[in-house]
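Residue numbers (the numbering used here), protein chains in the order written: chain A, 1 to 362; chain B, 1001 to 1292.
What the hints contain is simulated information worked out from the structure, not anything from laboratory work.
Backbone N, C-alpha and C fix where the C-beta goes; we use that ideal spot for every residue, glycine too.
Be careful, since some hints might not be right.
Claimed, not checked - Pulled a few chain A residues facing chain B out of the computed Cβ check, cut under 7 Å:
#1 Phe81
#2 Trp87
#3 Thr91
#4 Gly99
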Amino acid sequence: MAELALQKIGKGFGGKSVIEDLDLHVSSGEMVCLLGPSGSGKTTTLRMIGGFILPDTGHIFIDNVDVSQATPDKRPTAMVFQQYALWPNMTVFQNIAFGLKLRNLPRREIQEKVHSVLDLVDLRAQAKSYPAQLSGGQQQRVALARALVLKPKVLLLDEPLSNLDAQLRHKVRDEIREIQQHSRITTVFVTHDQDEAMSVSDRVAVLSAGKIEQFDTPDNLYAYPRTEFVANFIGSMNMFEGRLVNHRIEVNGMSLAFPSRISESINDVKIAVRPEDVELHDSSPAFPSGAIKRRIPRGHYAELILETAMGEMRAFVPNGYSVSDTTGFSFRRVLVYSDSKLLDTYVANVDLHLTGIGGVRP
Amino acid sequence: MMSNQNSVQSGFLPIPSIRRTVSPSQALSRSLATALVLALLIFVLGPLVVLVLWAFAGEWFYPSLIPQKFSLSWWSTVLSDSHFGHSVLLSFIFAPVVTILSACICLPAAYAFSRYQFPGRRAMFIGIFATNAFPKMGLYIAIAGILYATHLMDTFWGVIVIQLMNTVVVMTWIPAAAFSAVPKSLEEAARDVGAGPFRTFWHVTLPMARPGIIVAMIQAFLASFDEAQGTFLVGAPNYITMPVQMYSMVTNYPQQAAAVYSILLSMPSLILLLLIRKYIVGGYLAAGFRMK
C-alpha cells in the first residue's frame, strides 16, 4: 500500500523531448494503466518510475519519499518486463529467490516466501524447471511471482500480456487483476491495448506525444473523452468537421440544432458520435437519410457503414434488425469539440434536434 | 545449369543431342570436386603424417617411402634434456599468466564496448585490430625499443608484455559479442530486485557470457603458447619457450628430434581445441567479428 506521485516530470533523448511536464498521482492500492500509441512516452514513464531511466526534470515520490534519482536497486518498485527477462541460467525457484538472497534472508524464510508466492501463481510443481522449459503463460507468472515476492510498494507491468496469444491473454489479465485486488498493491501497467486497459484498471491515463491527455476512470474515458485524441483513440467514433453558427452546427449543409448553451460562432468544430449512438429509422421526411454501403457482422451486433450527406458514418445495430438500402438516422448523443477540446455534450430528445436538406447524394 | 546455358546458346539444335552432353559434364564436375577434397586432405594432413613418421623414425633415407627403422630414442632424448624441460616449464608458466592478465585487462574493455556508448567507441573497437593488421616483426621491433628503454628486455615481464599483444583482439572482440548477446533486460531485472552493478555482472551477465569468454581465454592461451617471434626477440637468451626452442631444434638437431618436439608443442592446442569444440561450432568466434 503506497502512494505514487509524479511531479512535472520531463525527459528528452538526444535533445528531443519525449515527456514534458507530466503529472500523475496514483492512490494507494490503485491499479492505473498508461495507455497510448507507440511513441507516446508510456514506456519511458514506466521506466522512470522503476529507475531504469532517470528524469531530466521533476520528481517522483513513493509514499512521499523522493526517489527521482535512485537506481532500480534502491527503489521499492518491482517490474514485470515485457519479455519477462527471466534468468535462463537459474531455475524458477532460483529466479524468485534471487532478490531475497541479496537481502541475506535466512534459507528457511526464503523457502517459505518463494513457495507461498509459487502457490499464489499456481506454479509450485515447476519450481525446479528452467524458464526455457515453461510455456509463455507460465514464464509470465514466474516474472510476476519474482516481482511480488519482494513485497514492493509499487508493482510495474510493461505490456505483460503482449507476448501471449489472445485466449491466454484474457485469462492472465483476469489473474493479474485478481492478485492485484487481493494484495491491494499499487500498480502501474503499460499497454497499447485499450481493451486491456479498460478492463483491469481503476483509472487510465491516456498518453499522446509525451503528455497525459486524460486521466480518468474507464467509464468516464468512454463517455466523456475530454480531447479529440481520446475520442478517436478510445473505442470507435464518428467524427465530422463543421461550423457553429447561431446555435446550430452545420456539417456539409446538414444542420444540428440545440438549445443555446454556446452563443459565439466558431468556424471549425468537430462533432463526434459513437456508432452505438447512431439510431436508424424508417425512411421518412422527419429524418435525414443515408445509404447502407456495407454490413459487417460483429457477432452479437452488426456494424453498418452508411453514406450520408455528412460523410461516411459507422453505426452499431442489433442483429435481426432488418435494414433496407436507404434508412433514416438520428443521433442519441453528440459530443462537440473545438480546438481539440471537449466543448459540450448533447443528448437526444433533451436538447438535440437533427434536420437536414439531404439524404442520399444522387 | 550447364544444360540450360547450352540450350539457350544453341536453340536450333535438336534437344536430344544437347541432353546427351549433360551427364558426362556432371560426372566430370563431381570427380573434380572429389579430387579437390582429396588434394586438400593431403595438403592439410600430409605434413602431419610425415611429422609423426619422423618422430618415430630411427633411420629414414631417400628414396624410401617409409622409415627403414622405427625407434623411440628421440623421444627419450628430448624428454630427458634439461633445456627442453625448462622450455616446457616456461611455456606452461607464460601461457596461463598471459591468459589471466589478458582477461583482467580486456574483459572490462569488452564489457564497455558492448554496453556503453562513448566518444571514439567504434574507432577504438576497430583500432584494436591494428595489433593484427601490420607485420608482427615490425611491431615487435618498435616495442623492443620501448622495452630496452624500460629495461624489460630479457625479463619475465618483457615476455609477458609482448605475448599480451597477440591476445588483445580475441580477448576483446569475442567477449564483447558475448556480452552484447546478453539481453539488457536480464541485467535490468537483476537491478530491479536489488542487485548492485557488481552483483548483477557476477550473477547474471558473466554466467550468460561464459561460453564466449571461455573460447576467448583458450584462444588467448594458444596464442601465447604458440608465440615465437616476439618471445625470441624479447626473451632470448634466458626465456626460451617451447616454440622458440623449435628454431634451434630445426637447425641444430636431427629432424627426428624436431618432429618429436613439434608433436609435444601441438598437444595442448589439440586438447584445448577438442575441449572447446562445441562452443566454436556455436558461432562465438564468428560473432566477435560481427560486432558493430
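- request: Verify the interface restraint on A/Phe81: the C-beta must sit less than 7 Å from at least one C-beta of chain B.
  value: Where the cut-off is 7 Å and the nearest Cβ of chain B is about 5 Å from A/Phe81, the hint holds.
message: Quick check on A/Trp87 please, does its C-beta sit within 7 Å of some C-beta on chain B?
response: 6 Å, holds
field: Interface hint for A/Thr91, Cβ within 7 Å of any Cβ on chain B
entry: Where the cut-off is 7 Å and the nearest Cβ of chain B is about 13 Å from A/Thr91, the hint is violated.
Status of the hint placing A/Gly99 at chain B (closest C-beta pair under 7 Å): Cβ of A/Gly99 sits 3 Å from chain B, so the hint holds.
Going down the numbered hints, you'll see the structure goes against just number 3.
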